[in-house]
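The primary structure of each chain is shown beneath.
2 protein chains.
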Amino acid sequence: MGDLKALISIDGESSAEDDPIVIQKEAGPTSKAVQDFGLYQSEMPSTSAVTRGMTLSRNNHLLDDDQPLIMDNNSVPPDIPINGSAGSSNRNIDNSEPIFHLRSRTAAASTPNYESLDYEVCENTLFQDEQRKRLTERFSLRKDIIRWIIFIQIGIITALIACTIDIIIEELSRRKYTYLYNSVKENVPLSDASDRDLLIPYLYWLLFSIVPVAFGAAMVTYIEPITAGSGIPQVKSYLNGVKIPRIVRIKTLAVKAIGVITSVVGGLAGGKEGPMIHAGAVVAAGISQGKSTTFVKDFRIFKAFRDDHEKRDFVLGGGAAGVSAAFGAPIGGMLFSLEEAASFWNQNLIWRTLVASIISVFTLNIVLSAYHGLNDFTFTGLFNLGKFDTPLKFDYFELPIFMILGVTGGLLGAAWNSLNTKINKFRKRFIPWKIGKVLEAVVVAMMGVTLACLMIYFINDCRPLGNDPTNNPVQLFCEDNEYNAVAALWFQTPEATVRSLFHDPPGSHKILTLALFTVVYYVLSCATFGLNVSLGVFIPTALVGAAWGRLLAMLTYYVFPQAEFLHPGKYALIGAAANLGGVLRMTISLSVILMETTGVETSFFFPLIIALISAKWVGDYFNEGIYDTQIQVNHVPMLTWEPLPQYKGLKARDILSKPVVCIKLHDSAHYIYQMLKKCDHNGFPVVDDVRGDRRSEGRVCGIILRSQLIVILLKSLYVENKRFWLPETSIQTFRDVYPRYPSIKSVRKLDEKINYTVDLSMFMNPSPIRVNPHDSVPRIFQIFRALGLRHLLVINNENRIAGIITRRDFIYK
Amino acid sequence: MGDLKALISIDGESSAEDDPIVIQKEAGPTSKAVQDFGLYQSEMPSTSAVTRGMTLSRNNHLLDDDQPLIMDNNSVPPDIPINGSAGSSNRNIDNSEPIFHLRSRTAAASTPNYESLDYEVCENTLFQDEQRKRLTERFSLRKDIIRWIIFIQIGIITALIACTIDIIIEELSRRKYTYLYNSVKENVPLSDASDRDLLIPYLYWLLFSIVPVAFGAAMVTYIEPITAGSGIPQVKSYLNGVKIPRIVRIKTLAVKAIGVITSVVGGLAGGKEGPMIHAGAVVAAGISQGKSTTFVKDFRIFKAFRDDHEKRDFVLGGGAAGVSAAFGAPIGGMLFSLEEAASFWNQNLIWRTLVASIISVFTLNIVLSAYHGLNDFTFTGLFNLGKFDTPLKFDYFELPIFMILGVTGGLLGAAWNSLNTKINKFRKRFIPWKIGKVLEAVVVAMMGVTLACLMIYFINDCRPLGNDPTNNPVQLFCEDNEYNAVAALWFQTPEATVRSLFHDPPGSHKILTLALFTVVYYVLSCATFGLNVSLGVFIPTALVGAAWGRLLAMLTYYVFPQAEFLHPGKYALIGAAANLGGVLRMTISLSVILMETTGVETSFFFPLIIALISAKWVGDYFNEGIYDTQIQVNHVPMLTWEPLPQYKGLKARDILSKPVVCIKLHDSAHYIYQMLKKCDHNGFPVVDDVRGDRRSEGRVCGIILRSQLIVILLKSLYVENKRFWLPETSIQTFRDVYPRYPSIKSVRKLDEKINYTVDLSMFMNPSPIRVNPHDSVPRIFQIFRALGLRHLLVINNENRIAGIITRRDFIYK
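Top to bottom, those sequences are chains P and Z. Positions 1 to 813 (the UniProt record's numbering) are the ones given, in order, by the first sequence. Positions 1 to 813 (the UniProt record's numbering) are the ones given, in order, by the second sequence.
Chain P extracted, bound-state conformation (with noise of 0.2 Å):
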């Protein structure tokens, strides 16, 4: 093996690793080369062909999961010579055994089936030619106008959603905490403490609780179980250049809308504001492509913008729109979007980005604010933490009791990530029914509901009413003219309770009340991220937070009574912050979105920004943020912001995969048919300059990606008969089969076009990028991340293939 890789020599001398003869001489006899495929094979731990056949090329729509990637050398078609020389002691190879066998250090892991996106836009002939038709300043200024008014729809009509599920969720939620109200009012008697009986309003509760909660997981889960959770980390994934599988249907904002309105109906432990990021993003992406999957429907629009460059770009700008929808904060929407996508920062794609953003604020205030009955457009975003009334202020010995805050927070935040991953591990191996997960989340629902009544239960914390919070001041089992501290922290939205949390007088809680409050809070926000349901992590975070932040300014007023600074506002405030720093670890947008949504002076950055910091290294000293391990635990290749640390030494050879299956320049239908057929990777090489079928061995003038060959076969374009198609065929031939490519199965078999030969000089990307065999990782990191690719060819001194690097040649060790 090592004799093998310094064969690719940094001197470029010699190139023998494309010989497969010195191949099998090294390898020994395990190794089989089909000549006839121009492929071959040898025992190399570190090369990772196999991966790419098994994960990231797969593609579940396209191909059989089963397939076995055999190279059945009866299909060789016999107008294809064996090369004599090396070919012929390998024709009778056992074709019941794959050809891919090979260990590999991505193999193991059992990965789904994702794909990255063709970010790269394939500047082929035909794209030139349409380039040169619209090089006019008309048709381009057509094309950024079009682009402006899709980014200004998708901000307007991802507000409108989120103005619906909010609006819906508030009109259930004051039905329903209105009737436990009077449910309890009936039921306990005034006055009465030797009386407790909760027991009515505490089935009422169930009921309410259970019945959306298994509605909404039933529909989750039967109908879309990419639903699940809050969505961010799918978004993150496909900003980041992942394909994941039905992310952006129509369908799936259905049941994601109607599942969040279930769950928060239901009093589950969670918010809205993840589900509606989502939302933005499908939202994006339907309008940009004028056309809808789920309702098999093609409006005709927008035709040129039907690829995934395009289609991420205006998905950037609905996830940007969505983040400022729910939280009414558009600059951390924009930054949100550009943390997560950005590999290229193009001012416009940004530019336009901030106005999608602020047109789904302004919507979205419009729309609140009549609805709240308010003229003056003061309704901001979904997640309203509510300003602040005076400035809040600091002293500089305050900054280390911020530092303290954060640190807590991270320690609180990794404890939390690692318990609801080990949750979630449990749930993975011990519920895999369909129907024991929708038990699962209504079984937690109903934990949920009883804790509340048990603390409401046990608990003697009245407060005398007219500085009430809420708007059903509990009695309960107060005396007249008091109040309910418990019932009134439990009887509404999350939302709202973040709200109190902030904004309620001092002296509106027992200290117990809080104390309880957050731990239960703690374990049912862990308990129910992971659940069957849609719903965000956001709000239980900064609820935690805000409960144990003014929880310890209670408890340090307690002790020192003498500390006037201790506004417990302020560090419910600085609490909910390095709480979310401890799990989210969002950082940049997370920072912005912060100050935006609570309004805080410039002045007061800088405490937040401490307890951030402060949370995040903590958290990172023991694991990952909650949305990375989602991502991680989901095997999704996601490419991080630096090469991972062990990739640091490595030089591409290291880390390529080979051998590379190559087309020649002028191949025959019949090898691309039967290459496609037994192999299903997505990028294959063009060559030129080939002796025989050696392919490999030829020198590299292009990349063609499988759903090109495909159109390519289904629209019989042969060099044999171009004058039939070259006059109507354009870019927008394969544009229109976007984004759903034909398998190849369904091309019919080639029986009198076998002779037929392809032509891809005209269809090939003839400029991929190439890097060398000792180029360093990190570099190539770069290269591949900054210009958003999919395969990178590693050339040899003489331009001959010598393997290719995808994404998750970077991914796991």
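Incorrect hints may appear among the rest.
Any copy, or any two copies together, can satisfy a pair, since identical chains are not distinguished.
As the list claims (entries may be wrong) - Derived BS3-like pairs (lysine-lysine); straight-line CA-CA distance at most 30 Å: (1) Lys303 <-> Lys648; (2) Lys648 <-> Lys143; (3) Lys648 <-> Lys133.
If you are wondering where the hints come from, they were derived from the structure by calculation, not from laboratory data.
We have chain P; now place chain Z onto it with these hints.
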């Protein structure tokens, strides 16, 4: 020419363009090939070999400006064999004639000596050795911590400098205006309108203007001319990747600080915000390098950060800290830096930048709050527009009005830019003398004072005392208990005037006052920007905008007195935004800065964005933003966001520069020495597989920089004496001479070492980015910009050099 290009075909079969014989045939008798230097040339109008030689690659610290690019045939060392087959006919080259006299598309521009930054990390063997040694977790953690410390220092020191400048300006201005106020009081007899004698105050005013302005202009002109103007174009260029000589030196900072103080105190129509940003950049560059060129002092710290890559990352943070300190807008500061610099979104870098920004704002808060006697850190930013007391509200029907204001701003801004450019052209042409430049500044200052005095003298705008917004309400010719509203506008710094226009109650000024004020200030600011003084353009632009915004509101209210919505402060704000959008067009960061400084509600972002976008679009129709105009006027090779439209249909082969001077992997010291003396390119491809001396036909295996070659020669790093230097040579050897690499002239003659050879394999960057001649320019541009390249090698299908592309090849047509 066409035939020649056809040889570099897509099929890549032929690489005949590397054959000098073919070239000579194609190019005809004018062609001369200097075989012994591996150089050849042909009469190609589109090649721009001379470009790099004359402009981009020229470093005037290193090289004579007037040294012609003659390949002196006499100096050919005897030990280098002349290639007989093609070279013999070329031996008698006329020595007096420069080899490179090709027409070039860029040679026409009288381009100053700008170079690119070497942002690309040179991953040579030495670098990898260092990496390997430091692969330990501990080292990388240490480096990370030091980076954080530097960023925090940048934030603090930038803020302290900003504070110092601000406090000095405030103190001096207060004294100046108090003195003038008293002088007016003494010299203008009360209630005696017949005896309107403003002469003595006028003379005092003149004196207080002329002295500081003359002093400042003289300093700028005679000591450091680069400090003229706001500095933002220079910082922008630096962040974009262009090395502007002397831009980040401590001397520059000192002159700039004194310059801005004198100019603002002198009463010129300019602000101190631009210079603050420049100051931040200087601080960052200074601190991060741990040495000062101005003081010839090396602190021997932060040695690992001595390269263009690290330095630019720190300057990014410095610029952000500067913006934050100037405007009190940390998020805007971060975005400002990103907008100009971030070709690659590195989360850690942005995180550090944000922290530097927030710390800068915080430090400034502390110091200025203490200075102003506030104990709650409520002083935010130097450019404090003042928070609006009540949240700004607006109605739907105002949106078109905002748009009209935006269009007005765009028109006025475009006119301002155009006028200013004309004035500056006039200046450049007719005022070449240094003393003339100083006098000009004095004249403009006198003009300002005179116009102000005339306005005060002739306009009778008296307002009742009591709601006066200024510190020095001048009674002047008014009745008792009244003050002069015109004098109030003029008797303060421009910044305070902006604040007045935003927050003064309705009816504080006459329409005539404001109309005249707008016109006068518009003309004054236009005449001021471009003077040889250190001044920013932000404040006067905002001031003009606020003035006409308020004026429009007043006019409309005068016509429709029932229009209650016409809050003059609101319209002043929108007017300022529109005018800023029209003049600067900075778009994203400007929007965010405005949102942050005015502290408006999220709901008011929408009107601001409408005004900004309308202004930008209308302005863009006519000309470019003022900063970009300045950059263009100075011929700075700044890369745009997208390739220029003229480049849309082109291929790499249409823009590449050739011939390319190459070096063999093992080349003679003498050849390298001679080559460095003869040509002043900065990057040389390293080639291998060379037949004889036909270097440009070798296979590319790396790239080496001029600076590296000079260090190699200076330190005698030859193969023959390897045992002496090998142990102690590391990447630090090269870093030590950064950033002022010695000139080739500092290398002694190689008398005894004339036969020594240099092995470049250890020093060269083995992973240069390479593209093909048929790759499209937009794609190449994207690669170039995303990776922050300086040299991009164009290779043919056999990995032999076809040309080189540098920054300048993307600019000007």
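Now the hints, each set against the structure:
| no. | hint | result |
| --- | --- | --- |
| 1 | Lys303 <-> Lys648 | between (43 Å within a copy, 21 Å between copies) |
| 2 | Lys648 <-> Lys143 | between (43 Å within a copy, 15 Å between copies) |
| 3 | Lys648 <-> Lys133 | between (46 Å within a copy, 12 Å between copies) |
No hint from the list above goes unmet by this structure.
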